[in-house]
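Protein chains: 2
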Amino acid sequence: MMLAADNLTITRKMVAAALREMDPRPIRDLVSRMQKAGAEIIDINSGPLTREPEKKMGFLVETVQEVTDLPIMLDSSNPKALEAGLRMGRGKIVINGFSLEPEKLARILPLALKYQADIVGYLLYPNGQVPMNAEDLTDLAIQVHGAAIKAGLDEERLIIDPVIAPLMWENGLRHNRHVLVLLRNLPDLLGFPVRTIAGLSNLTAGPGPKEKKQVLAQAFLPMLAAVGLSHVLLNILDPAIVGIAQACRTLSGMDIFTWAEVVI
Amino acid sequence: MMLAADNLTITRKMVAAALREMDPRPIRDLVSRMQKAGAEIIDINSGPLTREPEKKMGFLVETVQEVTDLPIMLDSSNPKALEAGLRMGRGKIVINGFSLEPEKLARILPLALKYQADIVGYLLYPNGQVPMNAEDLTDLAIQVHGAAIKAGLDEERLIIDPVIAPLMWENGLRHNRHVLVLLRNLPDLLGFPVRTIAGLSNLTAGPGPKEKKQVLAQAFLPMLAAVGLSHVLLNILDPAIVGIAQACRTLSGMDIFTWAEVVI
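Protein chains in written order, with the numbering used here: chain A, 508 to 771; chain B, 508 to 771.
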């Protein structure tokens, strides 16, 4: 399971301010801490960037690349911002991402082919909503895979995100159970070992007691690992959840065990 | 997932001393704390009880029953001790357990039929060793189930223990991966929703750094839950692992989620 860090996000005031002022220093410092904490992919969640998308995403990608050679995930719904990031990228770039929404199929999915980049495909209805039941979730996985193939993409470039629902949603618990079952079945369903990603912070989004949130996330992550999740997007600056993630990797291995290998 | 508590064990000096002196007070106190901490089954690990097995097991069962009505799991390799416990039991008793070892098939398995008790079946070779590979583990599950049926037991009385290996064993990691796969496949393999149990403390048995042990156990438990484990035997007096177990139960549910229901 690869660890993608979700900390570089416009929803953090510090990041929003640095982006507004085009000040690379706080971002460099944050990315450096993310890398030290074990990040293997840096997610740049820039939001839609309605004003100056090219300039702003270019600045973010350039600043991250000043600090690290880690793969970058471009997390935006704005095709212009995504393309600017893809043009600036020197290393591996992942587009995050497309869904069956017509606008995204038309303007985001083709970028993966044009730039030969990996791309995240969200299992959402064409209207952007989370599926109502297990059958629709399965059907969306087939449709998202089919859309990627139809666009000419090598299927190995696809990373499926089944979208973890916040527990506080009316059907959040039920949906997340369906997500576990789907993740387990995906390789058989699509006929190849498709890569997958899930945003763990979604699980406990919204108000709620912090300690309970932490324990629920710590329990859900190994459940995802047990059904074969290949990438997790998480708060890499939370040592407790990172420790659990590292333990999941140890336990998913088949090698000889030594305590020295356990990085917690 | 039911929580069976492994704290009442002869390997704890306090328990050994109380049993030697036939002093019920420390045991009553311990069982009371186990129940308060969330135990749903009390495992009485008496060891083989080579001297006075009936008297000693009778004392242990009686003492536990003075404190609680919870189901009791009789954890001994001594058929005389097990039968004494079964005779004394006023509530639900689980025999823990038998394997394909000839002595256990001959003298322990029949007790389940005689006393209409549930019984744990260990997936071990007839020589008592842990299986070497995934094929043998699967084959042992079929054989243990077959032995129970052949003995006249209702298959619903069987609880399969695939035996978690200590990570420090040469093939411990590999075996535990096989255990996860087997647990997932067992209902299909045996054709009914067979109940299962695993002793979590086994995972980190032996020397090693305490903090790493805790995190590995906290990660492995949800993995077991995700593949359908129905009972876990654990240290109920460790609030961190119990919190994870409770979170697993919440996340395995399909009901409407509320923070108030999350007992952590």
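Misleading hints may appear alongside valid ones.
Stated by the list, open to error - Some chain B residues well away from chain A (every beta-carbon gap over 12 Å; in silico):
#1 Asn552
#2 Glu559
#3 Pro609
#4 Ala672
#5 Arg684
What the hints assert, rightly or not - With a cut-off of at most 30 Å between alpha-carbon atoms, the simulated DSBU-like pairs for lysine-lysine come out as follows:
#6 B:Lys719 <-> A:Lys543
#7 B:Lys720 <-> A:Lys720
#8 B:Lys720 <-> A:Lys543
I should point out that these hints are in silico values taken from the structure, not numbers from a laboratory. Here a beta-carbon is modelled for each residue, glycine too, at the ideal position from N, C-alpha and C.
> Can you list which hints this structure breaks, lowest number first?
Replying inline: 4 and 5
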